[in-house]
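There are 2 protein chains.
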Amino acid sequence: MSDSPEYRERKAFFDRVLTVYGRKPVLEVLQNPQLHCHALHLAQSNREQGLVRDIRALAESRDIPVNTHSREALARISRNGRQDQGVAVDVLCPAFRQFTDALPDLPPRARLLALDGITNPQNLGMIIRSAAAGEIDGILYARGGNAALGPLVIKASAGTLYRAPLLLCDSLPGALRLCRERQMEVCALAADATQTLFEFNPDGGCVYVLGNETEGVSPGALKEATRGLAIPMRNGVESLNVAVTASLIAYAGLMRPT
Amino acid sequence: MSDSPEYRERKAFFDRVLTVYGRKPVLEVLQNPQLHCHALHLAQSNREQGLVRDIRALAESRDIPVNTHSREALARISRNGRQDQGVAVDVLCPAFRQFTDALPDLPPRARLLALDGITNPQNLGMIIRSAAAGEIDGILYARGGNAALGPLVIKASAGTLYRAPLLLCDSLPGALRLCRERQMEVCALAADATQTLFEFNPDGGCVYVLGNETEGVSPGALKEATRGLAIPMRNGVESLNVAVTASLIAYAGLMRPT
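Chains as they are written, first to last, in this note's numbering: chain H, 1 to 258; chain Y, 1 to 258.
None of these hints come from the bench; they were simulated from the model. Keep in mind that a hint or two might mislead.
All copies of an identical chain are treated as equivalent in the list; a pair is satisfied when it fits inside any one copy or across any two copies.
[Claimed, not checked] Capping the alpha-carbon separation at 20 Å, the derived lysine to aspartate or glutamate pairs in DMTMM-like fashion look like this: (1) K155 - E238; (2) K223 - E185; (3) K223 - D203; (4) K11 - E181; (5) K24 - E135; (6) K223 - E181.
I would like the entire structure built from these sequences, with the hints used as guidance.
Shown next as structure tokens:
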């Protein structure tokens, strides 16, 4: 049953759903005609006035189903009852997939970013923005250990999160192991690595692991790494912002003459 | 008189002074043995306890002169009476210079960044951090129009502001005109430019003008530009974060094989 085509299709659909919460973020989603919304969710406790009334009217004018829920049920849908303000909307993100589903379809020279403890929402949003703009085929993201895909991330991504190739996984080390089994290089970005990002031009697939700004790449991810890569720095600068590092990775290929 | 060697030496000294304010930022400066501090300034109204007592003791142990001032005089020194918390310290930044003094000393293939309306302190700090780490010989900065060099900028720069090659100018268009007169290229970063940053490899000196995130490069700076440069973007992404753009410029040369 759990392997039936209907089940898999349904699951693949829900993997692509990002639930956006908060009155202003939800209004902005509904005002964007490029975003496909699956359903609007409202708490029964909302008063039908102001922004809530605008939100409902906009959803109805776009033929988006409107569901009402108890406050508790809505908190389960938004996953953030403290900040959802009684409002959430399911947005379809066409490029979101489960990593294990996407793996067989990756191009032979795939370039992936792996997020290993990106807890600052601003940095996470900027990474997504640069990865979407540059040459990155997928962003490996586990919910545990990274910032949640909430309003701060969406804002810092300048709305690019909705079209970013986010590859969802349960455990980053597990996903990296699958990459290695497919003969992909797993590169841990680390200031003390001897080889630089710019010296390394992989022939096959490659995953670049970005660690936490303070802690660096975690031991679990490091265990799966096939090499370390550094970015050269002058003037005694000890590290770059992690979103800057991600952007240099996303554009390193474009900067090389073909 | 104003052109005497003593006057010019004194002026060049004060061009290199960055006044840091706020109790925690000042304490952090004093705790960093790599930073050369010229003087500590305290408001007479401070109570001599807690952080203020620690700050004074630390300055005295480092033989840094301690001056006390009226609240108003201290606000003039800190340039931010609302947030200085009665404490300021003058830090010597060896790579800070007046742009007009630095211009004759620039290398023939100098790479400069020009900041044209970077009002977000986080972005300004990140730009400085990447410029200091990468291949940038100077950062053209006018106080007017950009975020002030305050605690948020220092934090976002990860402390690299103190050693960054900041070139101070009164008016950015005026400084860009001087660059043009020295046959430097003045490149305005703009999403709609036909040439890309990666296609352009200047033989001589070059200034890259970074505009405001919302407004882009200002008309006054645009008038001095000799060309426009874009960064290619996929997936319909319309722009990159300005600090990311700065970082790609700072590393574009390093990414090219020599």
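Here is how each hint holds up against the structure:
1. K155 - E238: Between copies only: 14 Å across, 28 Å inside.
2. K223 - E185: within (13 Å within a copy, 47 Å between copies)
3. K223 - D203: Neither: 22 Å inside a copy, 44 Å across copies.
4. K11 - E181: neither (25 Å within a copy, 63 Å between copies)
5. K24 - E135: This pair counts as neither: shortest intra-copy Cα distance 31 Å, inter-copy 41 Å.
6. K223 - E181: Within one copy only: 14 Å inside a chain, 55 Å across chains, cut-off 20 Å.
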